[in-house]
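Starting from the given sequences, assemble the full structure and let the hints guide the process.
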Amino acid sequence: MSTATYDILVIGGGINGCGIAADAAGRGLKVLLAEKADLGGATSSASSKLIHGGLRYLEHYEFRLVREALAEREVLLRKAPHIVWPLQFILPQVAGLRPAWMIRAGLFLYDHLYRRRAMPASHAVDLAADPAGQPLKSEFRSGFAYWDCWVDDARLVILNARAAADRGADILPRCRVSGATAEGDQWCIELETMGGRRQVMARTLVNAAGPWVETVGKTL
Numbered sequence: 000m001s002t003a004t005y006d007i008l009v010i011g012g013g014i015n016g017c018g019i020a021a022d023a024a025g026r027g028l029k030v031l032l033a034e035k036a037d038l039g040g041a042t043s044s045a046s047s048k049l050i051h052g053g054l055r056y057l058e059h060y061e062f063r064l065v066r067e068a069l070a071e072r073e074v075l076l077r078k079a080p081h082i083v084w085p086l087q088f089i090l091p092q093v094a095g096l097r098p099a100w101m102i103r104a105g106l107f108l109y110d111h112l113y114r115r116r117a118m119p120a121s122h123a124v125d126l127a128a129d130p131a132g133q134p135l136k137s138e139f140r141s142g143f144a145y146w147d148c149w150v151d152d153a154r155l156v157i158l159n160a161r162a163a164a165d166r167g168a169d170i171l172p173r174c175r176v177s178g179a180t181a182e183g184d185q186w187c188i189e190l191e192t193m194g195g196r197r198q199v200m201a202r203t204l205v206n207a208a209g210p211w212v213e214t215v216g217k218t219l
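The sequence shown runs 0 to 219 under numbering that gives the first Met the number 0.
Just so you know, nobody snuck in bad clues.
For each label pair, taking beta carbons as the anchor points, the in silico distance ranges come out as: (1) 165 to 62: 32 to 40 Å; (2) 66 to 141: 23 to 31 Å; (3) 46 to 213: 15 to 23 Å; (4) 40 to 218: 18 to 26 Å; (5) 45 to 202: 30 to 38 Å; (6) 42 to 101: 28 to 36 Å.
Calculated from the structure, these hints are not laboratory results.
Note that beta-carbon positions come from the ideal geometry of N, C-alpha and C, so glycine has one too.
So this is what it looks like as structure tokens:
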């Protein structure tokens, strides 16, 4: 039997690995993804579950970073509204931390660095009168409301894996990469599954193993 050859072999079935596989397969590349355990079984299903633009980065003038993150937030909200929802945040105004004008300016930038289509605009909140203030301490009299998104992170992984498979990718959970050897302009890769061992060839090898990136790198 001839050894299968892939354009890309992705190690790791978290959100990064599955997203890379879906994108590459969508570009017509032959893709294999190998995940040693379950898809999204580690960090990608234990995240903060927030899809946010990085409001705090505005203080460090990371405007481009925030704009890119806000753009991706809009993409996810548009493409997967069944697993991504707007989520309201309340920022109480605390004397001595940041003046109100600074928070207003930051939220104005957050609202306008990228065009909003579905997200409400930020606004000031009277916490003494608004229901949002009821769980807070009584000394918090005023504040601000803004919006980011909440995501079902595990489902987002599976949706990307399914999108990759629908575009022709081979998605192999319970499949461990035990070794890889460079042979010219390709990699010869050893795979271990419950059914035994086999070899495949790949022109490009992507290490998307999350917290195990260095461990995987040492085995290659």
